Amino acid sequence: MRKQALADEILLKIEKPARYIGNEVNSVQKNLKDISVRFAMCFPDVYEIGMSHLGIQILYDMFNQWEDVWCERVYSPWMDLDKIMRQQNIPLFALESQDAVKEFDFLGITIQYEMCYTNILQVLDLSKISLTAAERTWEDPIVIGGGPCSYNPEPLADFFDLFYMGEGETIYRTLLDLYKEYKEQGKSREEFLRQAGKLPGIYAPSMYQVDYKEDGTIREFRPKYPDMPAVIQKEIVMDLTNTYYPEKPVVPFIKATQDRVVLEIQRGCIRGCRFCQAGMVYRPVRERDVDMLKEKAYKILKNTGHEEISLSSLSSSDYSQLGPLVNFLIDEFKGQGVNVSLPSLRIDAFSLDVMSKVQDVRKSSLTFAPEAGSQRMRDVINKGLTEEIILRGAGLAFEAGWNRVKLYFMLGLPTETEEDIKGIAHLSEKIAERYYEIPKEQRNGKVQIVASSSFFVPKPFTPFQWASMNTKEEFLEKAHIVNDEVKAQLNKKSIKYNYHEADVTVLEGVLARGDRRVARAILRAYEKGCLYDAWSETFRNDLWMEAFQEEGLDIMFYTGRERELDEILPWDFIDVGVSKEFLKREWQRAKEEVVTPNCRMACQGCGAAKFGGGVCFEAKN
Amino acid sequence: MKLRIRFTKSDVMIFIGHLDMMRYFQKAMRRAEIDIAYSQGFNPHQIMSFALPLGVGVYSDGEYLDIEANSVTSSADMCRRLNEVMVEGVTVKSVKMLPDNAGNAMSMVAAADYIITFRKGHEPEGFSPEQFLEFCSQDSIIVTKQTKKNLREIDLKDYMYKVEVREEGIYLFIGAGSSNNIKPDLIFNEFAKQKGFVLDEFALQIKRLDLYGDLGQEGKHQFVSLESLGDDFHE
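As they're listed, the protein sequences go chains Y and X.
Per our numbering, residue 1 is the first one in the first sequence, and the count goes up by one each step.
Per our numbering, residue 1 is the first one in the second sequence, and the count goes up by one each step.
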């Protein structure tokens, strides 16, 4: 009989008990007597979301290949169980052993989006780990953060002992060995953190001091001790072929968001869209070898039994071996009832051809991400997609039988004018008109266009990191302009327009570019009951606003202000490869509406070449 | 070829609902490399059907699913291969081949038997098995049953084929399937009502033992285990 952290009575009362019982196919059991480091790996959101995250699957596999380490999974209990655990004083547990998280050596938390920050506090709180790192002792696990949001760790600095900057495959072994050594020698927790903070890619926030100017900007960010590094360089895997990649990923009992085999074909992106943090911080582009991917596809399908396989990358069309890989997947697996799904492909003759092989044209829709409505605006954000390319792609697709199109846009981009905003409606209209250019007898009914806009949030390590962000009122006004303009179009009945919520976007903006002081508001919001902020049904903007007000923090200071180029930004001490000089250059070019060629067309000397590989050296091989 | 698979459900797997068990077995077929047949069309799916959904929280020694296979090895080999890819709490007991004209498991189900005990800490005060037998010995037990469409009055006695007090708990052999499905809870709730017991929502710990078809004619029952309707096969 397996240990069960929750009683039958609880499991029978809550929604989806399968979230909490573990025991899934390919989940790893180990004998505690062989284990010297217990690692709890957490995604601070509900199970179905967390289980879909590839990064954790990779690290879970890596850790568990090491005989002395047992890595287990932890997710945020959903609201129903959260309440019961608090009432009945049940500590949060890891799924595999069902043991309390507090008993672990490490609690690793992947920080994928800003709106999970209160869930991080929930996980610590339910685990009975002190929320603030300063109060922790050896009785608590070492709490280490990673993932994209740790590229500005400062709003979370109070809550974490360590942050891991960059890709997890590289330095964990060294970190765990250091931990074992320091524990065996009876060293203090502080001594360990200080030593860990000297490892490449590891940031120990408690070893650093921040001073502020009277205007609230940072005067100085410095290590408290001379032996601590002043700059933390991100870690990165240069050979993505000969490295960890799970052949037996865990298969959930309940349907996860990603209920399929995921092949990560490359990391990084050559495109250089100026709003995109991932496109900057994951540089340089590194591809996995196509033969490795083919072999993994066989093994993972066999070991999981999944009936679908998908490719993952920031821009799959830029993968040099895409044709051979996709054709292989279709030829090998389609006949065995395996669906091949192809996200993030540019719409052209090739992609339409493969899509028509893997999906029912009449039932599926095409997706374009022009991101902005006007060509001027697309030049500002360096989205190298022209109206001509979009209309040509749409035309090809319509002629091949598609009649549904999804369009993704952003509102609130730097330098945006009313014409740019209305451009969203105009582009949608042109696509609808393109559909009606094909002869009536060849059409597949009416065209359906769904245009969606999100609101732009400036992110660290992008050329827009200095930009001011719109207020909620400005965002909504812009959305209304689009809505009215859509209604003024000839084909208005064929165009549906949706927009994202504005208040949550403003908050995301604060947390994305916040400094250490923002931690107080996060803590207060959590204490007021904020949780699952990424879920519209649980998001409480009013409580968040109260929290900022009570802590005396001005939201506009973090969102509305255009930063001076010489301002010390909270994340300046991190070196992601891309230099601040490059970002400044790109910010200037954005204002001048000048497009920058992608990495394969012409190297822009962004700085990522210092890692010594990837696309930066492609032409030289 | 039609195959019938019998499996058990225990341990934490009792918390996995029926639809997720179907998904679990679809993936298990692929992991075990069972040569299962697929439907035609753009999104082919495995030809597979389950006998009778088992409620969340219920244990079982006798769950069934039928599949259509393109090719087979032997009962023993297929059973072994499936068990190699099972998780703790699900064990495949047998793989049998059905005659071509056999009805599917779902349409065949006519009865089920169960062992019922009380979950620890939820035993109703003053309960004795004798009281339960006394309750069952009434000539008729009329209850209102919620069906998909309406409320219907039924006599539970028409569907209670055997009741025994056993060492493991109370044994019930009762009607099951699409037309006369009686859940043990229905009987116990009526028992509690009549005898003035309080049964909380977690009180019953139920284990299904097996599912049966009815080969009897002219109103006479002849119950046979669904497993016995198929035969072992060899390479």
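Read the hints as simulated data drawn from the structure, not as lab findings.
Quantities reported herein were computed from a predicted structural model and do not represent experimental measurements.
Among these hints, one or two may not hold up.
What the hints assert, rightly or not - Using C-beta positions, here's what the derived DEER-type ranges look like:
| # | chain 1 | residue 1 | chain 2 | residue 2 | range |
| --- | --- | --- | --- | --- | --- |
| 1 | Y | His480 | X | Gln40 | 17 to 25 Å |
| 2 | Y | Ile330 | X | Met1 | 22 to 30 Å |
| 3 | Y | Ser364 | X | Glu164 | 52 to 60 Å |
| 4 | X | Asn150 | Y | Asp80 | 38 to 46 Å |
| 5 | Y | Thr386 | X | Asp35 | 36 to 44 Å |
| 6 | Y | Met292 | X | His18 | 32 to 40 Å |
| 7 | X | Gln40 | Y | Thr386 | 26 to 34 Å |
| 8 | Y | Gln87 | X | Asn83 | 37 to 45 Å |
| 9 | Y | Lys496 | X | Ser107 | 53 to 61 Å |
Glycine included, each C-beta is placed from N, C-alpha and C at the ideal position.
Q: Output the numbers, in ascending order, of every earlier hint that fails for this structure.
A: 1, 4, 5, 7 and 9
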